[in-house]
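In order, the protein sequence lines correspond to chains A and B. Position one of the first sequence corresponds to residue 1 (the working numbering), numbered consecutively onward. Position one of the second sequence corresponds to residue 458 (the working numbering), numbered consecutively onward.
Heads up, some of the hints might be wrong.
Per the computed footprint, the stretches of chain A lying under chain B, defined by three or more beta-carbons under 8 Å from a beta-carbon of chain B, are [said to hold, decoys possible]:
| # | stretch |
| --- | --- |
| 1 | 24 to 33 |
| 2 | 248 to 258 |
Below, simulated DSS-like cross-link-like pairs (lysine-lysine); rule was C-alpha separation at most 25 Å, straight line [what the hints assert, rightly or not]:
| # | chain 1 | residue 1 | chain 2 | residue 2 |
| --- | --- | --- | --- | --- |
| 3 | A | Lys66 | B | Lys620 |
| 4 | B | Lys544 | A | Lys15 |
| 5 | A | Lys15 | A | Lys248 |
| 6 | B | Lys639 | A | Lys15 |
| 7 | A | Lys15 | B | Lys628 |
| 8 | A | Lys400 | A | Lys358 |
| 9 | A | Lys319 | A | Lys249 |
| 10 | B | Lys639 | A | Lys249 |
| 11 | A | Lys248 | B | Lys639 |
| 12 | A | Lys66 | B | Lys639 |
| 13 | A | Lys400 | A | Lys351 |
| 14 | A | Lys351 | A | Lys417 |
| 15 | B | Lys628 | A | Lys66 |
| 16 | A | Lys15 | B | Lys620 |
The hints are simulated quantities; they were obtained by calculation from the structure and are not laboratory data. On a predicted model such as this, the values are computed, not experimentally measured, just so you know. Think of the CB as a built atom: it goes at the ideal place given N, C-alpha and C, for glycine as much as any other residue.
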Amino acid sequence: MLSSEEIIRTVEMLKNENLDVRTVTLGISLRDCAGPSAEDLCGRIRQKIRKHARNLVSTCDRVADKYGIPIVNKRLAVTPIAAVAESLKREDYVTVARALDQAAQEVGVHFVGGYSALVQKGFTKGDLHLIHTIPEVLSGTERVCASVNVASTRAGINMDAVSLMGRAIKETSLRTADRDGFGCAKLVVFANMPEDNPFMAGAYLGFGEPECVINVGVSGPGVVKKELERAIQSGRKLTLGDLSEIIKKTSFRVTRVGELIAREVARELDVSFGIVDLSLAPTPTVGDSVGEILQCLGLESIGVPGSTAALALLNDAVKKGGAFASSSVGGLSGAFIPVSEDLNISQAVQKGYLSLEKLEAMTAVCSVGLDMIAIPGKVDADTIAALLADEMAIGVVNHKTTGVRLIPVPGKDVGDKAVFGGLFGEAYIIEVRNANRSSNFIRFGGRIPAPLTSLNN
Amino acid sequence: MSQEGQKAWVAVTVIGRDRPGIVANVSGVLYHHRCSIEELSQTVLRGQFAMILIASLGEGAALRSLRDEFAELSRNIDLDINLRELKSEDLAPYPAGESEPFIITVRGEDRPGLVFGITEVLAERGINITNLGARVALLGQRSEYIQVFEVDIPKSLDYSLLKEKLRRRGKEMGVSVDLQHKDIFRAINQI
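With the rest of the complex left out, here is chain A:
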């Protein structure tokens, strides 16, 4: 029996607290499209995507309407293109990317992830072709997202890949200089990349996944914040443990929304239900911010001492609540700190509260990594590679996923603002200290071996 309080509370969450399903991502395997002819491959890709995804947007809209919960993004995730296009020539890779782009446009999705390669232990020919064509693809298409896994706890860190990706990021930003380096917002470098992540830009369909699968990303920093505020304003004496409980229970509710929506969309499309990713993913809307949650927890701003501990509390509470709410939790699942996508975090950079070093520390305890960070355009590729290496090391040693989405903004420096628009928001450029001092380290290349803790059989 539902009480009217529960009903009102639920409606409040949906209407005033920005509770929504952030993304419904349909994974489609392109393994059976592979072949020696680029033209045939493109044709098969377009056909397969059309066949399985043509009803995705309309189904999502219908389910969203039925439950009164917005589904903000509909997306696709495909088999790593490096594998699908393995036997093709380098220039064909760009053609394949364009076919993906067109297919995504045809079915009406915002993004398609999967222009990807997994190179933690070394490269195949296809992997290298893909990596070298990333700048051209990201500047020449609209909806294609790229990701490269350069490290894993089992394999260690492929420093040759790290070096190549440092260059790829730099070049992508130069090619999209007219849009403040926006191409880089569609590129993530990973350690321990998850196979079922529904969020962009790192979504791809892993090799253990079925033909078609629905993965859902929920969100709700606004809901969490409102619950914390209510509790704090009630005047009760609360400890951090109590606040953690509140976040946990709220996260339960938020995840339930995702689970319900995911199962119904999957059922309607006659496709497997994969996972719910219970990440607290912020948007530039005021009130929908992870930075504001940290302020609720008593920090003047994200980035001040205590931020890492507070984020650890938040990340863990989110996971516990979510894990109880759904039997199939996956993807990244935790708290995100994407700088440009969270107005509060972006402002913390501008006001000087938040440094790159502090962000790096926080990535050790939260679920994504150095995400959506605008850096000065002049930073050299080797420094970018070294930053990647640092973040990969955190992921590899701690048995977690870490990702990097750095956006060098050509022609701009600290104090300037990069404007990306929409959900990508705008970002104040953060200082990168000690640039130009790491080239010799990067130049060694090779692989940083896997840590001892990976030998856990």
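Got chain A; can you put chain B on it based on the hints?
Frame of chain A; chain B shown alone:
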């Protein structure tokens, strides 16, 4: 009068000022007449007590004398008590047919005509209300008049169109109206 193999049923409704002892008095009368209370629901609104119960009449129970005793009780303790004789087919719930449970929430400033405004739209479409509550709620600093309707919407009906119609009606009356499937509330609030 009861027959072998076929029970007789009554619905009893009671309204009056709330105070201790009402249910005891009413159930006492039923007990003396060897009636068994099958189901009961009661609520209090603004100090007024209201109850409906369904009772089956025992062997040899006499409806006339039950009515008389309730009439006397009603006079003695100042309550409106009504007895309604039921046939067993009266006990079946309204056949909603193939339908889905939805929840309508109406929020805004209280004014005359709000309940009718919504229920008219529902009645026009043959939609049955299974539960209804309305009260003033405090949300932070503001107070709001809130109605919550649980309804069964026939599968043949397009709930999107209904939502549009309800929203428009709500706009005319200066209130906000939402229509959502009940499962979302269950999912969020129940383990």
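May I ask which of the numbered hints given earlier this structure violates, with the numbers listed in increasing order? Failing hints, ascending: 1, 4 and 13.
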